[in-house]
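Novice: Each chain, letter by letter, is given below.
Protein chains: 2
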Amino acid sequence: MPNLFFGRERKGKIVLDEDETKHLKVVRIEEGETIEVTDGKGMRYACVVEEIRKGETICKILEKDEVERESEDKLIAVIPAGRWERLRLLLEKCVELGVDVLIVHRFKRSQRSYSSKKIFNIVKEASKQCRRFLFPRIEMTENLVEILKENIKYYTLDPSGDSIDKIDFKGSVGIITGPEGGFDKEERSFLREKTTFISLGRKILRFETASILAIGFVALKKRKI
Amino acid sequence: MPNLFFGRERKGKIVLDEDETKHLKVVRIEEGETIEVTDGKGMRYACVVEEIRKGETICKILEKDEVERESEDKLIAVIPAGRWERLRLLLEKCVELGVDVLIVHRFKRSQRSYSSKKIFNIVKEASKQCRRFLFPRIEMTENLVEILKENIKYYTLDPSGDSIDKIDFKGSVGIITGPEGGFDKEERSFLREKTTFISLGRKILRFETASILAIGFVALKKRKI
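Chains A and B, in that order, are what the protein sequence lines are. Numbered by my numbering, the letters in the first sequence go through residues 48 to 272 in order. Numbered by my numbering, the letters in the second sequence go through residues 48 to 272 in order.
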């Protein structure tokens, strides 16, 4: 599989930023070679590398196609801003499983702070890896009300919920995974009121297994993978 | 959750082996204390620690119950003897997802050798962790014919297969995951003839994502979790 780069259109050219320029050098691509670029918004470009500078690379567009479009039937994943290694794994799996919108929420028991650039970088790398030309949209929220968007049916993963297998996931769907330590009392009663509780079965699964399995299950049902 | 230990019945007592005795010491349990033990065959024992020796621990049985029994509707996972870290992860997830029989197969492109003790240790630790009193049975095979047991319907994960979502997993089911580099030609034609090919969708998922998701999906359908 050829390398896919991330770049932005500027004055009729494609510009790769500093990170992508480093990546270009690592894979030993030189001026004059043809590369494949995406803007992460659904466009696929075939480009010739014109000039590799220190902090950016300028490319000439040879071809340009819109290869992916926003789906009307969205899959939204709300995941906790917990420990970095777990968050990173969840972000990667969500990209791979075709999630359209990624909401990283600071639950009461997952209060870590990450820059949006750090989160975007993981999402970008994972998207390139599995050749998603339309990267998932990323949001970072602190207030629980913000995670609820209009016209979306939300489900919260909780051992007390109905089996995920019995649910017909029609239309746009949001799947909420709580933090490792669980929801706090207020959060839980808010979610109980505003969303439907779903579970994967009687057994307690590890946090990341449950989350990946639930998102994967819905992604499969909604043909996101 | 209290610690669960693995032990074997011997002359009316429970004996913990060297590894479990080390574990006992790590969690600072002393003679006279009560512990919970399983034989991995479905039994749960409440025991008093009588004597902690260098290489083993002798316990007196207070209570004894059969808390899990072999299911008639089995879930079998055939997984490749590939790189240790991946194999380890897959073994752990299979235990967590309620797999009944674990077959570690040496495919042409996954020829690593592991001792059955090394594999058992992972399965034992994962089982204790998620409180499975009946550990999955482990088999290690080299010849593809050996993976096929009687009265079991086998499915092979392959991008050319029908969507897993359309399949009714009745009775005992085996899920075959190939090695990272894919099946070799002969293996593939053997599996095409003897098993049903299933897939998770159009997108190519990473090896471990696909495998965990497929096994998890079937485990969910068969109420193993």
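Hints are computed from structural coordinates only; laboratory data are not their basis. A couple of the hints might just be wrong.
One copy or two, either will do: identical chains are not told apart, so a pair holds if it fits within one copy or between any two.
Stated by the list, open to error - Cross-link-like lysine-lysine pairs, in silico, DSBU-like; alpha carbons within 30 Å at most:
1. K250 with K69
2. K269 with K171
3. K88 with K250
4. K107 with K241
5. K60 with K232
Novice: So, for every hint listed, does it hold in this structure?
Specialist: Quick rundown of the hints versus the structure:
For the identical chains of this complex, K250 and K69 are inter-copy neighbours only, at 28 Å across copies versus 46 Å inside a copy, given an alpha-carbon limit of 30 Å. In the homo-oligomer, the alpha carbons of K269 and K171 lie at most 30 Å apart inside one protomer (23 Å), although the nearest pairing across protomers, at 36 Å, exceeds that limit. When the C-alpha separation of K88 and K250 is checked against a cutoff of 30 Å, the pair qualifies only between copies, where the shortest distance is 18 Å, while the shortest distance within a copy is 40 Å. Proximity of K107 and K241 under a CA criterion of 30 Å is satisfied in neither setting, with 50 Å inside one chain copy and 52 Å between copies.
Taking the closest pair of Cα atoms, K60 and K232 never come within 30 Å of each other, the shortest separation being 52 Å inside a single copy and 45 Å across copies.
The structure is inconsistent with the numbered hints 4 and 5, although it conforms to all the rest.
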